[in-house]
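Protein sequence lines, in the order shown, are assigned to chains H and L.
Quick note on numbering: our numbering labels position 102 of the first sequence as 102, and the sequence is numbered without any gaps.
To convert a position in the second sequence, counted from 1, into our numbering, add 1000.
I should point out that these hints are in silico values taken from the structure, not numbers from a laboratory.
If you're wondering where the values come from, they're calculated on a predicted model, not measured in any experiment.
The beta-carbon is built from N, C-alpha and C at its ideal position, and this holds for glycine as well.
Watch out, some of these pointers could steer you wrong.
What the hints assert, rightly or not - DEER-style ranges, computed between Cβ atoms:
#, chain 1, residue 1, chain 2, residue 2, range
1, H, Gln241, L, Ala1013, 26 to 36 Å
2, H, Gln123, L, Ala1013, 37 to 47 Å
3, L, Thr1057, H, Ala104, 29 to 39 Å
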Amino acid sequence: MAARKILPWLGAAIILALLPPFLLAIGQPFYLDLARRILILAIAAVSLNLILGYGGLVSFGHAAYLGIGAYAVGILGFYGVGNGWLHILAAVVASALVAAAIGAVSIRTSGIYFIMITLAFTQMLYYLGISVAEFGGDDGMRLKTRSLFPLVDLNDPVAFYYVALALVILSIFVTHRIVHSRFGMVLRAAKSNESRSRAIGFSPYPYRLAAFVISGAMCGLSGALYANHTNYITPNLMSWQQSGDLMFMVILGGMATASGPVLGAFALLLVEDLLSGWTQHWQVILGPLLILSVIFFRRGLAGIFYKADA
Amino acid sequence: MLEVRALTKNFGALRATDGVTLEIAEGETHAIIGPNGAGKTTLIGQLAGDIRPDAGTIRFAGEDVTALPTPRRARRGLARSFQITSIYRDFTTLQNVALAVQARSGHSFRFWRRAHADDSLISPSQKILEEVGLEKRMHVVAANLSHGEQRQLEVAMALATRPRLLLLDEPMAGMGTEESQRMIAFLATLKRKQTIILVEHDMDAVFRLADRISVLVYGRVIATDVPEKIKLNEEVRKAYLGEES
């Protein structure tokens, strides 16, 4: 039973680990870049899945933390701080704080109001990013330096790829532990039947807020990596389209499944890459494809491989 | 244990609860009966905390809980079952009960250890499932239980919080005769050990289980007494029992 569950994960990890030597051997380093981007955004999708999939909190503003994480790296670099640990720390802490503030207000609402409030907060941050000319405003800003770590050089595309891969695996594992813990059970229960939860003595609010903060912090990490990936930061990272992309990865991949967000990230971004190489109007094709996939894969791509574990 | 004073609730022009005064003693099984629309579920809702009364007070275990929200009342030992089954349909039977056990075991800001491998949650849950007779259905997803089993689970979850006062809102609703009999027999085993407020339509169950009965008509308590006296009460027969037969 346990082995059957672990084997697909092991297989996927091995394939992803062997990807860089393979791509370099066939002379396609561009795809290494794409794979790295997918892995980094997969971390953001995994973090969103914690609140969207397991918590039932439809946050339509998750790109905010991607942006905050990225700007944390960019702004520290701007002031001459290159220490990678500091970059990561700043990205995670800043994202957690902003998530705490946004969550404290928005989690008091539910349904469509929650969606709209999270969107509104993120739009605020987006326009803030546009208006601060010092950090590039609308045009964005080039990183002065990538985050510096001992032993690992993020300028080495292969090393950076493995860092991203390790962090995806870590984020899946951490999320897995959280959702099966007591905390996770309360979070999922409140999604399943809130009035029952209240009747047995759980106030969902503090648990949802904590999940929202954890999720924001994890997404901030993804943002810090993303800044290093593109070497360039723009407010677009906080646009509602980006939030929508993250939501789509989770829904397409399979909400409340461990592998769903990663599958969704690969599927969405690979198809996007494929179509955009083929025609300029790729979104016209992507849209209907997404709609069809939602109709036919009710439980997401992860549902094809195995039943969502309870 | 529970003292309700002059509780009043209006829904627009409708007075759903009209100056209800009740006293429930420790260890008592107190039934609330009344025709449809008498305001029984509204009353339970106010006792549990889901509905805010317009006037009146509710004292529980010596403290005024009128302003406390549902979860805090539940943590003080006021548990309810719902008339319309309210369980975690996508969780297993065991997980449902384990959550209720977890609710009374301190805060749940524990992020790492697996809840389903936590014996301090699982073994009390298994015990409760054995008591209500659901132990063989432990690992079944709750949505796949039969209606009767879901009703049993509903009661099991309320019990698993180890309440000081158990509010049962029509626990036999929609059950077949055989299932009802089993539920009545089970509730009978709780008598004396557990203080219970029982809202029920099944008169057989009420007269077998209740120590005292309050009759609610149009939001008002028209009589509170032991079952034998309620049966003979002229006003009650006119307002309620007469309609049934």
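The hint says 29 to 39 Å between threonine 1057 of chain L and alanine 104 of chain H; measuring C-beta to C-beta, is that right? holds, 32 Å
Note whether the CB distance of glutamine 241 of chain H and alanine 1013 of chain L lies within 26 to 36 Å or breaks it. violated, 50 Å
Take a look at whether the Cβ-Cβ distance between glutamine 123 of chain H and alanine 1013 of chain L falls inside 37 to 47 Å. With a Cβ separation near 44 Å, glutamine 123 of chain H and alanine 1013 of chain L satisfy 37 to 47 Å, so the hint holds.
The earlier numbered hint that this structure contradicts is number 1, and it is the only one.
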